[in-house]
Amino acid sequence: RKEVEQDPGPFNVPEGATVAFNCTYSNSASQSFFWYRQDCRKEPKLLMSVYSSGNEDGRFTAQLNRASQYISLLIRDSKLSDSATYLCVVSPTDSWGKLQFGAGTQVVVTP
Amino acid sequence: NAGVTQTPKFRVLKTGQSMTLLCAQDMNHEYMYWYRQDPGMGLRLIHYSVGEGTTAKGEVPDGYNVSRLKKQNFLLGLESAAPSQTSVYFCASGRGQGSGYTFGSGTRLTVV
Numbered sequence: 043r044k045e046v047e048q049d050p051g052p053f054n055v056p057e058g059a060t061v062a063f064n065c066t067y068s069n070s071a072s073q074s075f076f077w078y079r080q081d082c083r084k085e086p087k088l089l090m091s092v093y094s095s096g097n098e099d100g101r102f103t104a105q106l107n108r109a110s111q112y113i114s115l116l117i118r119d120s121k122l123s124d125s126a127t128y129l130c131v132v133s134p135t136d137s138w139g140k141l142q143f144g145a146g147t148q149v150v151v152t153p
Numbered sequence: 048n049a050g051v052t053q054t055p056k057f058r059v060l061k062t063g064q065s066m067t068l069l070c071a072q073d074m075n076h077e078y079m080y081w082y083r084q085d086p087g088m089g090l091r092l093i094h095y096s097v098g099e100g101t102t103a104k105g106e107v108p109d110g111y112n113v114s115r116l117k118k119q120n121f122l123l124g125l126e127s128a129a130p131s132q133t134s135v136y137f138c139a140s141g142r143g144q145g146s147g148y149t150f151g152s153g154t155r156l157t158v159v
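Residue numbers (this note's numbering), protein chains in the order written: chain A, 43 to 153; chain B, 48 to 159.
Mixed in with the good hints there might be a few duds.
In silico contact screen, one side only, chain A against chain B (beta carbon under 8 Å); selected entries [to be verified]:
(1) 71
(2) 73
(3) 74
(4) 82
(5) 85
(6) 88
(7) 139
(8) 140
(9) 141
(10) 143
(11) 144
(12) 145
(13) 146
The calculated DSSO-like cross-link candidates involving lysine-lysine, where the alpha carbons are at most 30 Å apart (straight line), are [stated by the list, open to error]:
(14) B/118 to A/140
(15) A/84 to B/104
(16) B/56 to A/84
What the hints contain is simulated information worked out from the structure, not anything from laboratory work. Note that the Cβ used here is the ideal one computed from N, Cα and C, for glycine as well.
Bound-form chain B, shown alone (with noise of 0.2 Å):
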């Protein structure tokens, strides 16, 4: 049972590159949920999607684009890296209101 996958575990971009982060769950969790971490903030909310071929923006979408074509699949592109997205991206899936969720294991992106 292998939970929330997530891929690359590491990357490192140029400024301006773009690149997609890969969510793969097989709880057959509605719920989806892109977050970057940085040190001393917390975890913050990219974007999430309450259903396949849903999407909506959470508290620091701008530079992200999500796509959620298929349940068990979230993925979260950058179209032109900048340095501020250096980050550790966690992807999470849940069962909605009054649960936890699963996270998968992190990728940790370089913008340089």
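Chain A with its partners taken away, still in its complex shape (with noise of 0.2 Å):
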């Protein structure tokens, strides 16, 4: 089983709509999570660190479930840029700053 699993996509979503999706992590030590952004061929970019008690940035609003050891990451009011993948990050407690990625998922925004 993988650490941290996320729906590969695509989640094909219409320019103004919102979009939503959500990644597993295993070790429930877990004690940082990020959602990184990555564009085609480029470098993933740190979008938003998450937080307990869930966070805002914008049009994108991160929450944190450690009960059920999942993190999510919603887009409202998508836009064309928005098109991208969503790498989901996890530090484990023991981890010397080390990050687990998960596979991404793809979202693309549609005209």
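Assemble the dimeric complex from its two separately framed chains, guided by the hints.
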């Protein structure tokens, strides 16, 4: 079983619509959680950290459910520029800062 | 502010050749990492370093060696390249537990 699992998609989303997707993680002791965005043939870039209380950054909302061991990302009012692969990232407690990456969820926003 | 710089950006090697990938960061980060990314598999950690002069094995270290002689540089070596090492290699640096990484733009390596 993979440490971090994501639905690979693609999620095809009309421009202006809302899309949400989850990621599950296997290590219950994980401490830190992030969403990264990766454009085609580019490096991953930090989108947002995920806090226990949930957090919002503009049109993006991230939630953490420790009991069920999943995190979620919701994108409201989708833009064409939101088309990308979204990587779920988890940091175990004993990690020396190491991060574990999911394989990514592809989002395609269509006009 | 350059962030994390990787060189080279592209390389084609013949089986059995050697090469070194260079990663340089100017953010004074203690922690540096080398990942490889293959289709459908996500990023997998090859080696990492928690400070100058230290290195440690990650998830897929076989066939690779690393060195961190200076805090700002982290080198990844392939002593005898194999086709299975065809991949995109990303270097990253960070402040450690609880913080995210900054990635370099990647090195696309093909071994024929």
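Cross-check of the supplied hints:
no., hint, verdict
1, 71, "violated (12 Å)"
2, 73, "holds (7 Å)"
3, 74, "holds (5 Å)"
4, 82, "violated (12 Å)"
5, 85, "holds (4 Å)"
6, 88, "holds (4 Å)"
7, 139, "holds (4 Å)"
8, 140, "holds (6 Å)"
9, 141, "holds (6 Å)"
10, 143, "holds (4 Å)"
11, 144, "holds (6 Å)"
12, 145, "holds (4 Å)"
13, 146, "holds (7 Å)"
14, B/118 to A/140, "holds (17 Å)"
15, A/84 to B/104, "holds (25 Å)"
16, B/56 to A/84, "holds (11 Å)"
Of the numbered hints given earlier, the model fails hints 1 and 4; all others are met.
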